[in-house]
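*Asks:* This is what each chain is made of:
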Amino acid sequence: MSTIRGKAAIVGIGEVPTGMYPDRSFIDAAISVSADAIKDAGINKNDIDTVIPIGVVANSLDNANMVCSWVVEELGLGSVAKSNFQLMSGGSSSANALKVATALVTTGLSKAVLVVHSDRMGTGLDLNAAITMFAKASISQEYEAPFGFSQLALAGMLQQRYMYDTGTTERQIASVVESLRKWAMLNPNAMMKKERSADEVVDSPMLSSPVRKRMMNILADGAAAFIVTTKERADDMTDTPAYILGMGSRCTNFTVTAQPTNIIKAWGPAAKEAYEMASVGPKDIGVAELYDAFPTFILISMEILDLCKRGEAGKFVEDGHTSPGGKLPVSTNGAMMAQGHTGAGGGVAILVEAARQIMGKAGERQVKDVKYVVETASGGVGMDFHVGILGREV
Amino acid sequence: MTQTNEYTKPLPLITGLSKIFWDGCKENKLLYQECKDCGEVIFFPKMFCTNCMSQNLGWKESKGKGKIHTFTVTYDMAPPEFMPHVPYALAIIALDEGFRFMSNIVECDFDKISCDMPVEVVFERATDEITLPKFRPTNGN
Ligand SMILES: [Zn+2]
Numbered sequence: 002m003s004t005i006r007g008k009a010a011i012v013g014i015g016e017v018p019t020g021m022y023p024d025r026s027f028i029d030a031a032i033s034v035s036a037d038a039i040k041d042a043g044i045n046k047n048d049i050d051t052v053i054p055i056g057v058v059a060n061s062l063d064n065a066n067m068v069c070s071w072v073v074e075e076l077g078l079g080s081v082a083k084s085n086f087q088l089m090s091g092g093s094s095s096a097n098a099l100k101v102a103t104a105l106v107t108t109g110l111s112k113a114v115l116v117v118h119s120d121r122m123g124t125g126l127d128l129n130a131a132i133t134m135f136a137k138a139s140i141s142q143e144y145e146a147p148f149g150f151s152q153l154a155l156a157g158m159l160q161q162r163y164m165y166d167t168g169t170t171e172r173q174i175a176s177v178v179e180s181l182r183k184w185a186m187l188n189p190n191a192m193m194k195k196e197r198s199a200d201e202v203v204d205s206p207m208l209s210s211p212v213r214k215r216m217m218n219i220l221a222d223g224a225a226a227f228i229v230t231t232k233e234r235a236d237d238m239t240d241t242p243a244y245i246l247g248m249g250s251r252c253t254n255f256t257v258t259a260q261p262t263n264i265i266k267a268w269g270p271a272a273k274e275a276y277e278m279a280s281v282g283p284k285d286i287g288v289a290e291l292y293d294a295f296p297t298f299i300l301i302s303m304e305i306l307d308l309c310k311r312g313e314a315g316k317f318v319e320d321g322h323t324s325p326g327g328k329l330p331v332s333t334n335g336a337m338m339a340q341g342h343t344g345a346g347g348g349v350a351i352l353v354e355a356a357r358q359i360m361g362k363a364g365e366r367q368v369k370d371v372k373y374v375v376e377t378a379s380g381g382v383g384m385d386f387h388v389g390i391l392g393r394e395v
Numbered sequence: 143m144t145q146t147n148e149y150t151k152p153l154p155l156i157t158g159l160s161k162i163f164w165d166g167c168k169e170n171k172l173l174y175q176e177c178k179d180c181g182e183v184i185f186f187p188k189m190f191c192t193n194c195m196s197q198n199l200g201w202k203e204s205k206g207k208g209k210i211h212t213f214t215v216t217y218d219m220a221p222p223e224f225m226p227h228v229p230y231a232l233a234i235i236a237l238d239e240g241f242r243f244m245s246n247i248v249e250c251d252f253d254k255i256s257c258d259m260p261v262e263v264v265f266e267r268a269t270d271e272i273t274l275p276k277f278r279p280t281n282g283n
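Residue numbers (my numbering), protein chains in the order written: chain A, 2 to 395; chain B, 143 to 283.
Simulated from the structure, these hints should not be mistaken for lab results.
All values derive from a computational prediction rather than experimental measurement.
Any given hint might turn out to be false.
Stated by the list, open to error - Partial selection, computed: residues in chain A whose CB lies under 7 angstroms from chain B:
1. T108
2. A138
3. S141
4. E143
5. Y144
6. E145
7. F148
8. G149
9. S151
10. L153
11. A154
12. Y165
13. G168
14. V203
15. M207
16. S210
Beta carbons: idealized from backbone N, C-alpha and C, even for Gly.
The task is simple: from the sequences and hints, build the whole structure.
*Replies:* Here it is, written out as structure tokens:
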């Protein structure tokens, strides 16, 4: 069977700070991160022949305009672009975009693909969009809506069962927040740059048991972009390509009621396939850039990826192993809990951070001698699970 | 306009398929589907069997007993229509017949709810048209 292992790479990345930026326009953010990614790659912008904008949540007109090739016009790609199409699978859009971009360049259908996300969830959130996104999307209107489900309740139900199955303590889950905040303090693009101890998290009010207030993410404005091209072009273009070595995914459900009872088992094959394709094992991983939305999901992901034994992820985090200086740095941008929740952008930020660590461009939070990074993403109410492995060498 | 007991929470979307389920609830019956060709238990109700794609699906009545797979008690930041009703317990119930259902846990001390706790259905009238299946801890047998 043919494989994409090492045949494509992320060659450039761009990102603006995540947070509350009422004066930063949607399109200015989208174009500046695209320009930064082009500059970072050292690519001629006219080599970009496919633009993939990620779905915009906060404003439906911005979303429609991105569908209609706004970025192609703004970047002056009108004489070279072959395609502009939106990709949207919520939180997993990053992974699906990486998959599509890799397929396009490795088959020769495209020379270079620009994936760009911008959203204004912090200061530009339209009320109807907010209600649709957080109170209605991914919920069965026939059978679930009458009972008071929400994204917060989702976090509560997931954490409840995880604690029951594994004996993980509340403080261990709170430690995830502490660890992410420590990373965010080193990330100029993060929103929540203040230290937050696990004890402070545990002392915060209960919102939807067992989820407490300080286990929640905060909606924010943000934008990020990355460029994918073939290995051959990457090698000509840059000294620091992040080679795409493996990917695996599973898409299991629409509603949480229909989510597999054992998600670790159901999504496990996604990790197995990614590791096998990359010829890399959990012990080779230098940094794990794990998608969160809420802290328990990071612990579950660590177990799916076999970075910890079943039920031991919480203790591993509480012991400081995922924090700066720890033996397995996790989510070094602070993830959505600390960098901020930008709609479908949380996964894009995590993927960009994975590439950044491989490229050696992570500044104060750069992890030394990183050869392999694993990154994850998930959309909907936990509808899917995606694993990607990036490497410094093929 | 002085009606005080008007139901203000969201009601289920009624479609050709969901009407059969909700009509069942009105008669205090919790219905689910079973494929007559392959025996697959199907819920939420579907047009096609999720195992064999057959359209030969029949409705069966659940005994309404099962266990709580997971739950959460919401104290704050609930959807707007539910804010006047906090705290409330929301759960995914694994029914003995092999399907899952999302509902509220009622008639109990919320601090005593746990995963895998046995529960049984209890029907609560919401409007003339809609009766909601909710669940309470099973006492004894
Ligand atoms: Zn069947």
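*Asks:* Have a go at the A:V203 hint: is there a Cβ in chain B nearer than 7 angstroms to its own Cβ?
*Replies:* Since the shortest Cβ distance to chain B is 16 angstroms, the answer is violated.
*Asks:* Quick one, is the A:Y165 hint okay against chain B at 7 angstroms, beta carbons?
*Replies:* 4 angstroms, holds
*Asks:* Given A:E143 as an interface hint, is the shortest Cβ-Cβ distance to chain B below 7 angstroms?
*Replies:* 4 angstroms, holds
*Asks:* Please verify that hint: A:F148, Cβ, nearest Cβ of chain B, below 7 angstroms or not.
*Replies:* 5 angstroms, holds
*Asks:* Less than 7 angstroms between beta-carbons is the criterion; does A:S210 satisfy it with respect to chain B?
*Replies:* Holds, about 4 angstroms.
*Asks:* Next item in the hint list is A:E145. Is there a CB on chain B closer than 7 angstroms to its CB?
*Replies:* 5 angstroms, holds
*Asks:* Have a go at the A:G149 hint: is there a Cβ in chain B nearer than 7 angstroms to its own Cβ?
*Replies:* 4 angstroms, holds
*Asks:* Does A:A154 pass the interface check with chain B, least Cβ-Cβ distance below 7 angstroms?
*Replies:* 5 angstroms, holds
*Asks:* So, as I understand it, the hint says A:L153 touches chain B; can you test that by seeing if any CB pair is closer than 7 angstroms?
*Replies:* Check passed: Cβ of A:L153 comes within 5 angstroms of chain B, closer than 7 angstroms.
*Asks:* Quick check on the hint: A:S141 CB to chain B CB, less than 7 angstroms?
*Replies:* Given a least distance of 6 angstroms, the restraint on A:S141 holds.
*Asks:* Under 7 angstroms is the threshold here; is the Cβ of A:Y144 close enough to any Cβ of chain B for the hint to stand?
*Replies:* At about 5 angstroms, which falls below the 7 angstroms cut-off, the nearest Cβ of chain B leaves the hint on A:Y144 intact, so it holds.
*Asks:* A:A138 was flagged as interface toward chain B. Is the shortest Cβ-Cβ separation under 7 angstroms?
*Replies:* 12 angstroms, violated
Checked against the numbered hints given earlier, the structure breaks hints 1, 2, 13 and 14 and satisfies all the rest.
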